Amino acid sequence: MTRVSTSLGIFDGLLVLLAFVGVILFPWPLVVAIMLAGAFFVPFLPLAMGIFADTLYYAPHAAAFPYATILGAAATGLALVVRSRLKTSIIRG
Amino acid sequence: MRKTYLTRRKTLFDSPAALWSTVVLAFALITLLVRIVAPGLFSRMAAPAFGIADALTTRIHAFTQGFADAAALSAENERLVAENATLAAENRTLSQKATDLAALVGSALPAASAGITAGVVAHPPESPYDTFLVAAGSDAGVRAGYEAFGGGGVPLGIVSSISPGFSRVTLFSAPSENVAGWVGTSSQPVILTGTGAGTFSASVARSAGIKEGDVVSIPGPGRLPIGVVARIDSDPSSPSVSLRIQPAIDPFSVSWVTLRDTGATFVTATSSAP
Chain F
1 MTRVSTSLGI FDGLLVLLAF VGVILFPWPL VVAIMLAGAF FVPFLPLAMG
51 IFADTLYYAP HAAAFPYATI LGAAATGLAL VVRSRLKTSI IRG
Chain H
94 MRKTYLTRRK TLFDSPAALW STVVLAFALI TLLVRIVAPG LFSRMAAPAF
144 GIADALTTRI HAFTQGFADA AALSAENERL VAENATLAAE NRTLSQKATD
194 LAALVGSALP AASAGITAGV VAHPPESPYD TFLVAAGSDA GVRAGYEAFG
244 GGGVPLGIVS SISPGFSRVT LFSAPSENVA GWVGTSSQPV ILTGTGAGTF
294 SASVARSAGI KEGDVVSIPG PGRLPIGVVA RIDSDPSSPS VSLRIQPAID
344 PFSVSWVTLR DTGATFVTAT SSAP
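Chains as they are written, first to last, in the numbering used here: chain F, 1 to 93; chain H, 94 to 367.
Check each hint, because a few of them may be wrong.
Said to hold, decoys possible - Partner residues are not named here, just some residues of chain F that face chain H (Cβ under 7 Å, in silico):
1. G9
2. D12
3. V16
4. I24
5. F44
6. L45
7. I51
8. T55
9. Y57
10. A59
Because the hints were derived from the structure by calculation, they are not lab data. On a predicted model such as this, the values are computed, not experimentally measured, just so you know. The C-beta atom is built at its ideal place from N, Cα and C for all residues, glycine as well.
With the rest of the complex left out, here is chain F:
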């Protein structure tokens, strides 16, 4: 059980690293795909990535709102709802 948790932790860590490096290295559509995939494992990852992307790239003249943060918050909300449904359902093993 401990071994499973540790491997899951390492996997989450690698996912987080890939996501944050991706914000800098990858085109934004690919980053969105990584973000959505990562939301299943680390629910607050989309919000953090949104804040990070806006920290790097947002300029008030380019857009009225920091869309990356707003989309990240929405994805985090969705991920939390999905996780709550799955974790508390009778289907879990």
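Given the coordinates of chain F, work out where chain H should sit on it, guided by the hints.
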């Protein structure tokens, strides 16, 4: 009831998801705090990462291009070399003409028009917004409102925020941007609306006779080409047509820009004066 609620909370925020959620949020918030409190320091810290990203993108592009048909590439290369020679000759002619005209009217271009050359450290598509991060800031003499030009003097955008070592350039093609310009040989005035990724849209009267391939330009000094009409969407019931405009140079591949004052800073200063 209370116990059920706590159990539910525990299952929602179990390890390691809770641990990593805390870590990523803390990291993002600290980064945001650094940008707000010390924007210059933040730019200096972020620059190496952007440099690596730019180099990696260039290498990947070169690698993928290697798989293209060699014969087609050779033919394309020959055509571009010939076109380059023609354009260089045309450029020399126009430069000479400009020099003659300046001497004739007794005025030369101001010294500031030479501009400040700056490397682009982040550009679309890495940036989700149509912005550039360039490696020249207030220390190099850049001011908010300076205009950014790409190769061949193509206008790209306006410096919207600056720090001591870096500047953010908002492209004219950013979705919320509008810029006045002209289209076609008859110089029809149009308002260009940014649609992202370097492209624009505009609406013009059907009777203007605009066709695909017409050049679109904006004030520079003078008229500076910013793109060409790529497609015309026409509704028979409407007196106007919609133009889809492609950029003169691809903002995704711009690695150097020239920043200079074109009067926008003066206009801003005078309009904000009491």
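Checked hints:
1. G9: Interface hint status for F:G9: holds (4 Å vs cutoff 7 Å).
2. D12: The hint holds - F:D12 has a Cβ within 7 Å of chain H, the shortest such distance being about 5 Å.
3. V16: Nearest chain H Cβ about 6 Å off; hint holds.
4. I24: F:I24 check passes; min Cβ-Cβ to chain H is 5 Å, inside 7 Å.
5. F44: Because about 4 Å separates F:F44 from the closest Cβ in chain H, which is inside the 7 Å limit, the hint holds.
6. L45: 6 Å, holds
7. I51: 4 Å, holds
8. T55: 5 Å, holds
9. Y57: The hint holds - F:Y57 has a Cβ within 7 Å of chain H, the shortest such distance being about 4 Å.
10. A59: 5 Å, holds
Figure legend: structure checked against the earlier numbered hints; every hint is met.
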